[in-house]
Amino acid sequence: MVQFRRAAALLPVVFLLATAHAQSPASQVDIRYDIPTDPQFQPIYEDLKRRAVLERLQGFLSPLRLPKKLTLRTAQCGATGGYKSGEPVTICYDLVKHIIDVAKQNTKDPSEQSLMIYGTFVEAALHHTAYAVFDLLNVPILGRIDDAADRLAAFTMMQFGDKVAYTTIVGTATFFQYSKQTWTGSDFASEASPDAQRFYNYLCIAYGGDPLTFQFFAPRPGPSMLPRLSEKRAKRCEGEYLQVRHAFNLRIMPYIDPALLIKVRAGQWLNSDEIATGVK
Amino acid sequence: MIAARPARYSRLLTFVLAIAACASFSRAAMAQNWQAIPANINISFEYVPPESPQLQGVYQRVKARQVLEEYQHFLAPIRLPHPLKLRAAQCGVVNAAYSLSDRSLTICYELVDWLEKEAPQTVTTDGFITRQAAITGGLIGVMLHETGHMLFDMFDVPVFGREEDAADETASFFALQFNKEVELTLIRGIVYQWAVQKDPAASAPMSVYSDEHGTASQRMYNSLCLAYGGDPQTFQGFVDKGYLPKNRAASCAPEFALVKYAFETTIFPFVDADLMARVKQTQWLTPEEMK
Chain A
1 MVQFRRAAAL LPVVFLLATA HAQSPASQVD IRYDIPTDPQ FQPIYEDLKR
51 RAVLERLQGF LSPLRLPKKL TLRTAQCGAT GGYKSGEPVT ICYDLVKHII
101 DVAKQNTKDP SEQSLMIYGT FVEAALHHTA YAVFDLLNVP ILGRIDDAAD
151 RLAAFTMMQF GDKVAYTTIV GTATFFQYSK QTWTGSDFAS EASPDAQRFY
201 NYLCIAYGGD PLTFQFFAPR PGPSMLPRLS EKRAKRCEGE YLQVRHAFNL
251 RIMPYIDPAL LIKVRAGQWL NSDEIATGVK
Chain B
1 MIAARPARYS RLLTFVLAIA ACASFSRAAM AQNWQAIPAN INISFEYVPP
51 ESPQLQGVYQ RVKARQVLEE YQHFLAPIRL PHPLKLRAAQ CGVVNAAYSL
101 SDRSLTICYE LVDWLEKEAP QTVTTDGFIT RQAAITGGLI GVMLHETGHM
151 LFDMFDVPVF GREEDAADET ASFFALQFNK EVELTLIRGI VYQWAVQKDP
201 AASAPMSVYS DEHGTASQRM YNSLCLAYGG DPQTFQGFVD KGYLPKNRAA
251 SCAPEFALVK YAFETTIFPF VDADLMARVK QTQWLTPEEM K
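Top line first, the protein sequences correspond to chains A and B. Position 237, counted from 1, in the first sequence is what the working numbering calls 237; the numbers after and before it change by one each time, with no gaps. Position 112, counted from 1, in the second sequence is what the working numbering calls 112; the numbers after and before it change by one each time, with no gaps.
It should be emphasised that the hints constitute simulated quantities derived from the structure, not laboratory data. On a predicted model such as this, the values are computed, not experimentally measured, just so you know. From the three backbone atoms N, C-alpha and C, an ideal C-beta is built for every residue, glycine too. Be aware that one or more of the hints could be misleading.
Within a straight-line C-alpha distance of at most 30 Å, the following computed DSSO-like cross-link-like pairs (lysine-lysine) qualify [stated by the list, open to error]: (1) A:LYS84 / B:LYS198; (2) B:LYS198 / A:LYS232; (3) B:LYS260 / B:LYS117.
Have a look at the derived ranges for each label pair, beta carbon to beta carbon [as the list claims (entries may be wrong)]: (4) B:GLN177 / A:GLN105: 24 to 34 Å; (5) B:LYS198 / A:ASP210: 29 to 39 Å; (6) A:ASP257 / B:LEU100: 50 to 60 Å; (7) A:LEU250 / B:SER251: 23 to 33 Å; (8) A:ARG32 / B:SER251: 20 to 30 Å.
Generate coordinates for the entire structure from the input sequences, incorporating the hints supplied.
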């Protein structure tokens with residue numbers, strides 16, 4: 001963690017939630033916070049609502065010209081959530097709790113906890129929303145849709161400046177590192193990839209898109225807080241990033257309002273307390 | 001590029017000689033079939049003689065089987081915007097690769113050697129995969145995988161997912177465009193080459209997952225899933241036997257539909273439909289190779 005704190009210390013800090021969604025025009029995205037029945041999720045529900053996470057996502061997605069309305073909701077679902085055609089994108093309180101649990105079980109450092117929780121929450125929201133975007137815009141998908149959703153999420157994280165990229169990519173990667181998921185036998189039949197593979201996929205898109213900010217992912221001998229990319233993989237990362245950018249420009253960009261996109265990119269999408277202290 | 005494996009050079013099996021003899025017999029019978037399809041004029045080919053004496057036999061068999069000539073005809077419907085070179089060569093590793101720098105697709109003799117050595121002597125104990133399917137399907141599966149990389153490059157195909165998985169999808173999707181016997185031979189061969197390789201151990205460090213390729217099992221299940229999703233009747237046996245878990249099998253039809261749609265929108269516009277229909281009806285494999 002020391003390494004990324006040092007790098008991030010160079011970054012100016014101010015994330016103002018109010019600035020972000022006050023500037024956001026109305027979008028084709030509806031939002032809804034479902035009230036949980038299980039009391040253990042009540043604080044999560046209240047916190048997400050208080051932080052206006054869905055309002056922010058709604059504003060963030062406002063440049064997207066979707067052919068029909070999309071609903072984003074938070075809900076208690078007994079699973080990790082996701083998207084099915086014709087249904088809302090659901091971010092489950094269960095998943096948020098799991099993210100918080102993994103963060104708290106693996107580090108006592110509040111800034112690292114914060115990084116994992118907020119970074120991974122953004123990852124989950126973008127990952128699930130990517131499914132909806134692929135579906136609603138009839139985007140052709142080659143290379144397993146769950147990984148495609150990850151790559152689009154990672155690419156999106158990289159478009160809003162170093163602070164957002166840093167918090168979301170490093171937060172997500174740290175979560176995947178700590179999730180300590182073990183796969184054997186028919187686990188590999190899953191249509192999703194193991195967290196360890198997802199970890200390297202996020203690292204690769206980040207390093208490929210901005211090798212300077214993410215130089216601490218580069219292969220190098222010596223200790224590091226996060227495992228680094230292998231030499232072999234690192235050489236491919238620029239190509240991987242450009243491949244996603246090409247696909248995005250060809251298949252999604254035509255549905256984006258360029259003027260609104262500039263406003264969204266100029267906005268500030270994370271609160272100051274959603275960034276780890278070191279990053280500030 | 002397929003996952004590199006250590007090169008293995010041991011004595012060729014006598015069985016391979018018998019197969020070569022059968023192949024050359026049936027090649028005469030089949031030659032008219034594939035030669036009736038015009039060669040793709042944008043594709044050239046080259047068999048590079050190996051330096052290693054151990055690979056001479058493989059080289060001779062691949063050349064005698066006219067693997068590259070046949071593939072040049074097989075790819076006839078694709079309107080390539082650039083020249084493509086097919087090459088068979090000694091590479092020093094068990095591999096096959098499409099090279100962006102010179103737009104060449106290379107099949108390594110070491111790969112053919114490896115497929116021949118890993119194939120069951122006659123048939124797997126469950127009776128599902130024959131030696132011929134393991135060798136023929138395995139080799140064609142790799143060629144189709146590399147063809148996927150070639151198509152993504154030549155046509156600037158938007159690939160949102162991992163390219164190596166997309167190339168695997170290409171192999172399985174193309175394998176399903178022919179009759180049942182060919183489908184079965186190709187998918188069995190593709191599946192077998194992953195089935196004989198090991199996944200990372202549960203105790204392995206995280207770094208084993210850093211590769212751009214999926215694990216052997218992931219690639220096996222992905223191939224089986226597309227096969228089952230595209231032709232559930234033909235591949236039901238793989239689900240019944242538990243080779244494809246039922247919970248994954250349930251999502252295979254939509255997975256296949258997704259890949260089919262991607263091909264229809266990104267690659268088929270560059271394919272001559274009439275010629276493709278003729279290619280689909282052509283017998284590309286000998287009866288011996290489909291046993």
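Each hint tested on the structure:
{"no.": "1", "hint": "A:LYS84 / B:LYS198", "verdict": "34 Å, violated"}
{"no.": "2", "hint": "B:LYS198 / A:LYS232", "verdict": "20 Å, holds"}
{"no.": "3", "hint": "B:LYS260 / B:LYS117", "verdict": "34 Å, violated"}
{"no.": "4", "hint": "B:GLN177 / A:GLN105: 24 to 34 Å", "verdict": "49 Å, violated"}
{"no.": "5", "hint": "B:LYS198 / A:ASP210: 29 to 39 Å", "verdict": "36 Å, holds"}
{"no.": "6", "hint": "A:ASP257 / B:LEU100: 50 to 60 Å", "verdict": "35 Å, violated"}
{"no.": "7", "hint": "A:LEU250 / B:SER251: 23 to 33 Å", "verdict": "26 Å, holds"}
{"no.": "8", "hint": "A:ARG32 / B:SER251: 20 to 30 Å", "verdict": "27 Å, holds"}
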